[in-house]
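Novice: One letter stands for each residue in the lines below.
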Amino acid sequence: QKEVEQNSGPLSVPEGAIASLNCTYSDRGSQSFFWYRQYSGKSPELIMFIYSNGDKEDGRFTAQLNKASQYVSLLIRDSQPSDSATYLCAVTDSGNTPLVFGKGTRLSVIA
Amino acid sequence: GAGVSQTPSNKVTEKGKYVELRCDPISGHTALYWYRQSLGQGPEFLIYFQGTGAADDSGLPNDRFFAVRPEGSVSTLKIQRTERGDSAVYLCASSRYIGSYNEQFFGPGTRLTVL
Numbered sequence: 001q002k003e004v005e006q007n008s009g010p011l012s013v014p015e016g017a018i019a020s021l022n023c024t025y026s027d028r029g030s031q032s033f034f035w036y037r038q039y040s041g042k043s044p045e046l047i048m049f050i051y052s053n054g055d056k057e058d059g060r061f062t063a064q065l066n067k068a069s070q071y072v073s074l075l076i077r078d079s080q081p082s083d084s085a086t087y088l089c090a091v092t093d094s095g096n097t098p099l100v101f102g103k104g105t106r107l108s109v110i111a
Numbered sequence: 001g002a003g004v005s006q007t008p009s010n011k012v013t014e015k016g017k018y019v020e021l022r023c024d025p026i027s028g029h030t031a032l033y034w035y036r037q038s039l040g041q042g043p044e045f046l047i048y049f050q051g052t053g054a055a056d057d058s059g060l061p062n063d064r065f066f067a068v069r070p071e072g073s074v075s076t077l078k079i080q081r082t083e084r085g086d087s088a089v090y091l092c093a094s095s096r097y098i099g100s101y102n103e104q105f106f107g108p109g110t111r112l113t114v115l
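Keeping their order, the protein sequence lines are chains A and B.
Okay, so the first sequence: first residue is 1 according to our numbering, each after it adds one.
Okay, so the second sequence: first residue is 1 according to our numbering, each after it adds one.
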């Protein structure tokens with residue numbers, strides 16, 4: 001059984017701070033890693049993906065992957081109240097196999 | 001461009017009834033996925049299509065659930081003899097997988113309520 005673990009939160013950070021969201025996965029064969037943002041009542045929105053060990057930056061977002069530790073994280077710099085949402089970590093094998101999701105971490109950015 | 005669309009956005013039905021949920025993927029996306037999301041949970045995989053054929057249906061909970069994609073574009077998820085436990089948000093995603101990595105884009109979902 002492939003599992004993805006996330007702290008459910010809520011994670012509260014002040015506006016302007018760095019939010020750090022973490023995820024671990026059980027399947028060492030996982031190759032592709034995704035972060036989705038989900039606002040309440042809405043569907044998941046893809047915000048970052050990473051395939052190689054190390055860091056990948058896109059604007060205020062940085063995804064970090066450590067395959068040896070089976071750990072992936074998402075950093076959000078200069079957090080804004082509009083970043084308040086649930087962040088879902090998802091992993092998959094190579095190819096077009098289905099995503100396995102964690103339960104999500106709820107982030108609250110306090111103005 | 002147009003994203004993934006799903007209809008209806010909400011469906012309320014009675015226990016024992018039959019329902020159909022429709023998904024129209026992003027144009028040119030060959031892979032189509034159905035997931036189900038319950039409150040407080042991440043999406044759970046149901047079935048996926050590569051083209052017209054179901055490549056993996058291992059997530060379908062039982063034989064009351066069935067899905068088709070006859071022309072390799074629009075897909076319909078069919079649920080027979082609905083039960084209260086089927087109540088959830090049904091999400092469809094599509095991917096432009098052609099030997100590349102698999103970024104999936106979700107539609108708005110159909111909220112199914114079985115009374």
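Quick caveat, the hints were computed from the structure, so don't treat them as lab data.
Do not take every clue at face value.
[As the list claims (entries may be wrong)] Pairs of lysine to any residue residues, derived as SDA-like cross-links and limited to a Cα-Cα distance of at most 20 Å, are as follows:
| id | chain 1 | residue 1 | chain 2 | residue 2 |
| --- | --- | --- | --- | --- |
| 1 | A | 42 | B | 52 |
| 2 | A | 2 | A | 95 |
| 3 | A | 42 | B | 87 |
| 4 | A | 42 | B | 9 |
| 5 | A | 103 | B | 2 |
| 6 | B | 78 | B | 40 |
| 7 | B | 17 | B | 78 |
| 8 | A | 2 | B | 17 |
| 9 | A | 42 | A | 95 |
| 10 | A | 42 | B | 7 |
| 11 | A | 42 | B | 2 |
| 12 | A | 2 | B | 7 |
| 13 | A | 2 | B | 87 |
| 14 | A | 42 | B | 61 |
| 15 | A | 42 | B | 68 |
| 16 | A | 103 | B | 78 |
| 17 | A | 42 | B | 60 |
[To be verified] Footprint (simulated), chain A over chain B, 3 or more residues, beta carbon under 8 Å:
| id | segment |
| --- | --- |
| 18 | 28 to 41 |
| 19 | 44 to 55 |
Virtual Cβ for every residue (Gly too), placed ideally from N, Cα, C.
Novice: The structure should be examined with respect to each hint, and the outcome stated for every one.
Specialist: These are the hints, each one checked on the structure:
1. Taking the CA atoms of residue 42(A) and residue 52(B), the gap is near 28 Å; set against the 20 Å cutoff, the hint is violated.
2. For the proposed pair residue 2(A) and residue 95(A), the alpha carbon gap of about 16 Å is at most 20 Å, so the pair holds.
3. Between residue 42(A) and residue 87(B) the CA atoms are separated by roughly 16 Å; this keeps the pair inside 20 Å, and the hint holds.
4. For a cut-off of 20 Å, the pair hint linking residue 42(A) to residue 9(B) stands: about 11 Å separates their Cα positions.
5. Proposed proximity of residue 103(A) and residue 2(B) is contradicted: the alpha carbons are some 28 Å apart, above 20 Å.
6. For the hint linking residue 78(B) to residue 40(B), the alpha-carbon distance of about 24 Å lies beyond 20 Å, and the restraint is violated.
7. Distance check on the hinted pair: residue 17(B) and residue 78(B) sit about 11 Å apart at the alpha-carbon level, within 20 Å; holds.
8. Taking the CA atoms of residue 2(A) and residue 17(B), the gap is near 33 Å; set against the 20 Å cutoff, the hint is violated.
9. Distance restraint check for residue 42(A) and residue 95(A): the Cα-Cα separation of roughly 27 Å exceeds the 20 Å cut-off, and the hinted pair is therefore not satisfied.
10. Our distance criterion of 20 Å between C-alpha atoms is met by residue 42(A) and residue 7(B), whose separation comes to about 15 Å.
11. About 17 Å separates the Cα atoms of residue 42(A) and residue 2(B), which keeps this hinted pair within 20 Å; it holds.
12. The suggested pairing of residue 2(A) with residue 7(B) is violated, with an alpha-carbon distance near 31 Å, which exceeds 20 Å.
13. For the proposed pair residue 2(A) and residue 87(B), the alpha carbon gap of about 24 Å is over 20 Å, so the pair is violated.
14. Annotation: proposed proximity of residue 42(A) to residue 61(B) is violated, straight-line Cα distance about 24 Å (limit 20 Å).
15. Straight-line distance between C-alpha atoms of residue 42(A) and residue 68(B) comes to about 25 Å, which puts the hinted pair past the 20 Å bound.
16. Only pairs whose Cα atoms come within 20 Å are accepted, and residue 103(A) paired with residue 78(B) is rejected, the gap being roughly 26 Å.
17. Only pairs whose Cα atoms come within 20 Å are accepted, and residue 42(A) paired with residue 60(B) is rejected, the gap being roughly 23 Å.
18. Counting residues of the segment 28 to 41 of chain B whose beta-carbon sits less than 8 Å from any beta-carbon of chain A gives 5, enough to reach three: the coverage restraint holds.
19. Note: the segment 44 to 55 of chain B has 5 residues with beta-carbon separation from chain A under 8 Å; the three-residue rule is met and the coverage holds.
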